[in-house]
Amino acid sequence: MAYAYLFKYIIIGDTGVGKSCLLLQFTDKRFQPVHDLTIGVEFGARMITIDGKQIKLQIWDTAGQESFRSITRSYYRGAAGALLVYDITRRDTFNHLTTWLEDARQHSNSNMVIMLIGNKSDLESRREVKKEEGEAFAREHGLIFMETSAKTASNVEEAFINTAKEIYEKIQEGVFDINNEANGIKIGPQHAATNSTLSGGQGGQQAGGGCC
Amino acid sequence: MCRSVITPHNTEEGMDTDDTSRNPDGKGFYPSENGSVFSHHTPDPIRGACVSSTPLYCRSTCSSATVTSTTCGEDEQNSVESQDSGIPTLELSSPEVTEEKQSIEPLSQRQRDAPATLKLEAVDEGGASSQVRGGALVYRDSTSVCSTSSLSTDFSATLSLGNDDAAGDFVVTSDSSAVVDFHDFSDFSQFPQATAINIVPRDHPQQHHCEAVAKKESPIVNFFNRRLFGKNSPQQIRRVTKENEKAGGSASPRQSVRKHLEFEPLSTTALILEHRPANLPAKPAEEAQKHRQQYEEMVAHAKKREMKEAQKRRRQFEERVRLEESIGNAAHTWSQEILPNWQSMHSSKRTRDLWWQGIPPSVRGRVWSLAIGNELNITHELYDICLARAKVKWSASPSSISRAESNTAGDAGLSHADREASLELIKLDISRTFPSLCIFQQGGPYHDVLHSILGAYTCYRPDVGYVQGMSFIAAVLILNMNTADAFIAFANLLNKPCQMAFYRVDHSLMLTYFAAFEVFFEENLPKLFAHFKSNNLTPDIYLIDWIFTLYSKSLPLDVACRVWDVFCRDGEEFLFRTALGILRFYSEVLTHMDFIHMAQFLTRLPEQNSTHTQSHTLFSCIGSINMSCRNRTWTQVLQTLQKDPEHSSPVLKH
Numbered sequence: 001m002a003y004a005y006l007f008k009y010i011i012i013g014d015t016g017v018g019k020s021c022l023l024l025q026f027t028d029k030r031f032q033p034v035h036d037l038t039i040g041v042e043f044g045a046r047m048i049t050i051d052g053k054q055i056k057l058q059i060w061d062t063a064g065q066e067s068f069r070s071i072t073r074s075y076y077r078g079a080a081g082a083l084l085v086y087d088i089t090r091r092d093t094f095n096h097l098t099t100w101l102e103d104a105r106q107h108s109n110s111n112m113v114i115m116l117i118g119n120k121s122d123l124e125s126r127r128e129v130k131k132e133e134g135e136a137f138a139r140e141h142g143l144i145f146m147e148t149s150a151k152t153a154s155n156v157e158e159a160f161i162n163t164a165k166e167i168y169e170k171i172q173e174g175v176f177d178i179n180n181e182a183n184g185i186k187i188g189p190q191h192a193a194t195n196s197t198l199s200g201g202q203g204g205q206q207a208g209g210g211c212c
Numbered sequence: 001m002c003r004s005v006i007t008p009h010n011t012e013e014g015m016d017t018d019d020t021s022r023n024p025d026g027k028g029f030y031p032s033e034n035g036s037v038f039s040h041h042t043p044d045p046i047r048g049a050c051v052s053s054t055p056l057y058c059r060s061t062c063s064s065a066t067v068t069s070t071t072c073g074e075d076e077q078n079s080v081e082s083q084d085s086g087i088p089t090l091e092l093s094s095p096e097v098t099e100e101k102q103s104i105e106p107l108s109q110r111q112r113d114a115p116a117t118l119k120l121e122a123v124d125e126g127g128a129s130s131q132v133r134g135g136a137l138v139y140r141d142s143t144s145v146c147s148t149s150s151l152s153t154d155f156s157a158t159l160s161l162g163n164d165d166a167a168g169d170f171v172v173t174s175d176s177s178a179v180v181d182f183h184d185f186s187d188f189s190q191f192p193q194a195t196a197i198n199i200v201p202r203d204h205p206q207q208h209h210c211e212a213v214a215k216k217e218s219p220i221v222n223f224f225n226r227r228l229f230g231k232n233s234p235q236q237i238r239r240v241t242k243e244n245e246k247a248g249g250s251a252s253p254r255q256s257v258r259k260h261l262e263f264e265p266l267s268t269t270a271l272i273l274e275h276r277p278a279n280l281p282a283k284p285a286e287e288a289q290k291h292r293q294q295y296e297e298m299v300a301h302a303k304k305r306e307m308k309e310a311q312k313r314r315r316q317f318e319e320r321v322r323l324e325e326s327i328g329n330a331a332h333t334w335s336q337e338i339l340p341n342w343q344s345m346h347s348s349k350r351t352r353d354l355w356w357q358g359i360p361p362s363v364r365g366r367v368w369s370l371a372i373g374n375e376l377n378i379t380h381e382l383y384d385i386c387l388a389r390a391k392v393k394w395s396a397s398p399s400s401i402s403r404a405e406s407n408t409a410g411d412a413g414l415s416h417a418d419r420e421a422s423l424e425l426i427k428l429d430i431s432r433t434f435p436s437l438c439i440f441q442q443g444g445p446y447h448d449v450l451h452s453i454l455g456a457y458t459c460y461r462p463d464v465g466y467v468q469g470m471s472f473i474a475a476v477l478i479l480n481m482n483t484a485d486a487f488i489a490f491a492n493l494l495n496k497p498c499q500m501a502f503y504r505v506d507h508s509l510m511l512t513y514f515a516a517f518e519v520f521f522e523e524n525l526p527k528l529f530a531h532f533k534s535n536n537l538t539p540d541i542y543l544i545d546w547i548f549t550l551y552s553k554s555l556p557l558d559v560a561c562r563v564w565d566v567f568c569r570d571g572e573e574f575l576f577r578t579a580l581g582i583l584r585f586y587s588e589v590l591t592h593m594d595f596i597h598m599a600q601f602l603t604r605l606p607e608q609n610s611t612h613t614q615s616h617t618l619f620s621c622i623g624s625i626n627m628s629c630r631n632r633t634w635t636q637v638l639q640t641l642q643k644d645p646e647h648s649s650p651v652l653k654h
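Sequence order for the protein chains is L and U. If you count by full-length UniProt numbering, then the first sequence holds residues 1 to 212, one letter each, in order. If you count by full-length UniProt numbering, then the second sequence holds residues 1 to 654, one letter each, in order.
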């Protein structure tokens with residue numbers, strides 16, 4: 001499929017905060033109440049349109065357990081955007097944000113756009129972290145912030161797309177060197193990619209995404 | 001002479017009956033005095049399609065059975081639903097519901113307690129079907145068919161039940177409409193018996209008799225709530241009656257039951273060609289001829305197709321029988337010959353060959369236990385001690401306390417919180433382990449067992465603790481052996497060098513394993529290897545999940561178990577051989593993919609329709625992987641790389 005740019009994203013955050021569910025909602029528009037746990041890394045892809053340009057998102061969905069940090073660290077490399085996710089019903093997942101952020105800043109390129117996401121906003125009755133706290137944390141660390149619900153799909157599109165918009169603006173401003181793939185941005189092939197998108201299983205995921 | 005009375009209920013009740021039919025006391029269907037039952041199961045799609053199903057009473061003189069009505073057991077209904085989903089149906093609609101409703105209002109009130117009813121009463125003991133006399137009217141839906149026919153321009157509905165288990169076929173029609181016609185059914189013998197029932201005017205006195213009997217008799221049998229509509233014509237009634245007589249006379253005994261494996265009439269071949277009702281102008285002869293021809297073509301075509309499907313089913317059935325037989329034989333060999341002489345036999349060629357075929361599930365747990373061994377000398381008592389300790393921890397510090405502590409605590413508090421977090425994490429992950437099996441989730445039968453094993457392990461090896469992926473390994477073991485043995489196997493399995501390297505996330509050692517894997521990858525699949533290289537697809541991306549969970553998450557469970565079988569025989573080398581087998585299995589599709597598609601594909605392998613076929617093909621792919629590279633074995637390659645870390649794969653290096 002032809003695209004103008006390809007952005008690499010990485011989704012990080014504690015285990016069980018809903019990283020894989022956010023990805024599934026974004027790529028397949030569905031929600032699985034009980035998702036398999038992620039070991040190592042899983043992937044998703046979807047095409048979006050920004051400013052009339054086709055942008056392909058290549059999303060790396062990482063395992064959240066502390067033990068896997070040393071593995072997932074190597075996946076920050078070459079990411080243009082990161083979704084840092086916590087669970088608004090589990091205070092400890094919010095408390096761990098600082099560690100995650102340090103990790104991300106240390107192992108990624110300095111221009112990586114980070115979106116802070118408070119997930120499970122549908123579970124208002126079990127909320128442990130106020131929205132204002134999330135906003136304050138984001139302000140303090142220069143992140144974009146959103147509360148989402150992978151279950152109801154609330155703000156899920158926006159979270160992924162707003163991140164892409166921010167990256168796109170940085171490209172326009174010349175902050176990103178798009179010729180350096182280490183920045184997590186690739187310019188699309190001049191012609192429609194000839195590598196046939198296989199329709200089986202995984203290929204469909206991307207096709208299902210469509211654009212906004 | 002057969003007669004039937006359809007006594008339609010009010011519509012809502014009819015629907016209600018259809019959907020929630022069950023005995024008032026919730027039990028299944030009742031056996032009659034001689035132990036046989038009459039049960040008619042409504043094919044599910046038809047149930048769904050019937051806009052208004054009404055209880056139906058029929059009084060049959062042809063069948064000598066006395067069948068009274070009762071509702072169908074819920075269980076039975078459920079079991080039928082799964083069988084019948086394939087039968088095509090047409091929707092029945094009820095143009096005359098209201099009218100009929102009024103006419104039998106008293107009945108519907110009386111029958112409310114047991115609304116779904118079929119009443120068959122023997123009038124003529126000398127009836128044609130001797131089988132039926134015993135009261136054994138059993139209708140199985142695998143072959144019975146309800147179909148509406150709209151082949152001709154008339155709208156009519158027909159119902160026929162054909163069946164290999166059936167004591168008889170019979171057809172019920174409503175006075176208002178339904179038409180039964182067998183005269184186009186060329187191979188009539190396909191139906192073991194056919195008993196048609198003719199039609200009685202709605203207000204016939206017989207109806208009341210029926211009701212009376214229905215009230216009197218104890219509920220014995222299943223219900224038969226089918227409502228059929230259509231235009232009615234005397235001509236058709238005559239035909240049905242005539243057909244009745246013919247069928248009654250030729251009804252064959254039941255010996256031929258179950259001989260129809262080859263071909264069973266389904267809805268398409270049981271379609272019936274109707275003439276236009278007498279109250280409408282007759283079709284021109286030409287048109288009638290044309291329709292007849294079309295009808296015959298359709299039936300012939302459908303029959304051919306169904307024959308083919310029946311043959312296919314038979315082949316699958318035979319295949320399954322063969323497979324089960326070979327598993328049975330293997331199980332016998334394992335339990336009678338190999339297991340009693342494990343030490344002397346486990347490395348013999350014969351055992352190894354049998355092993356490769358997959359261990360029969362009945363002995364799998366024992367073979368795994370023996371093959372994994374117990375180097376750690378863990379006893380059942382030790383497991384109990386570890387479990388007891390884990391339980392003390394769980395109860396001593398509820399998560400809320402640990403959370404509160406973790407917010408304020410310093411170093412000591414943090415480590416405490418971390419340990420608690422790992423207990424919390426186990427809880428979170430148990431329900432995410434094989435979620436589709438639904439047995440490990442909260443309230444599931446194995447939830448506590450899995451929790452116990454993982455908890456006990458964190459006490460047994462606090463230095464390793466709980467790492468995600470372990471729950472899958474413990475779960476597979478639980479499925480094959482008792483809890484304490486599963487714990488012993490679990491701890492010993494994780495103690496193997498490769499598993500220890502991964503579960504302790506020993507970076508340099510993991511890199512060495514990946515590098516060794518790449519050596520054999522390049523050797524066995526050079527083209528694919530080059531393709532992966534050019535796309536920067538490193539082995540960690542797919543191998544981490546595969547090795548951590550020993551394929552139990554990525555392959556169907558029975559295929560994964562077969563991988564475990566040979567892993568128990570060959571050790572860690574087989575895990576990497578399996579990975580190469582999977583890559584070979586999918587090499588054709590993979591070579592046409594770019595990075596993201598390959599990564600997606602390999603981290604979530606496509607589900608296969610037939611796991612047996614997949615297992616077979618995959619294992620021949622694995623078998624074709626050569627695990628010696630330039631005369632060096634896996635172990636030698638690994639050792640060389642360990643000594644010379646420069647050769648290891650650059651991934652995960654910082």
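Note that these hints are calculated values from the structure, not bench results. A few of these clues could be false.
Unchecked claim - Dumping the calculated SDA-like pairs for lysine to any residue here, alpha-carbon to alpha-carbon at most 25 Å: (1) K427(U) <-> S70(L); (2) K312(U) <-> E607(U); (3) K186(L) <-> K533(U); (4) K186(L) <-> K303(U); (5) K303(U) <-> I327(U); (6) K427(U) <-> I50(L).
Tested hints:
no. : hint                : result
1   : K427(U) <-> S70(L)  : holds (23 Å)
2   : K312(U) <-> E607(U) : holds (23 Å)
3   : K186(L) <-> K533(U) : holds (18 Å)
4   : K186(L) <-> K303(U) : violated (58 Å)
5   : K303(U) <-> I327(U) : violated (36 Å)
6   : K427(U) <-> I50(L)  : violated (42 Å)
Checked against the numbered hints listed earlier, the structure breaks hints 4, 5 and 6; every other hint is satisfied.
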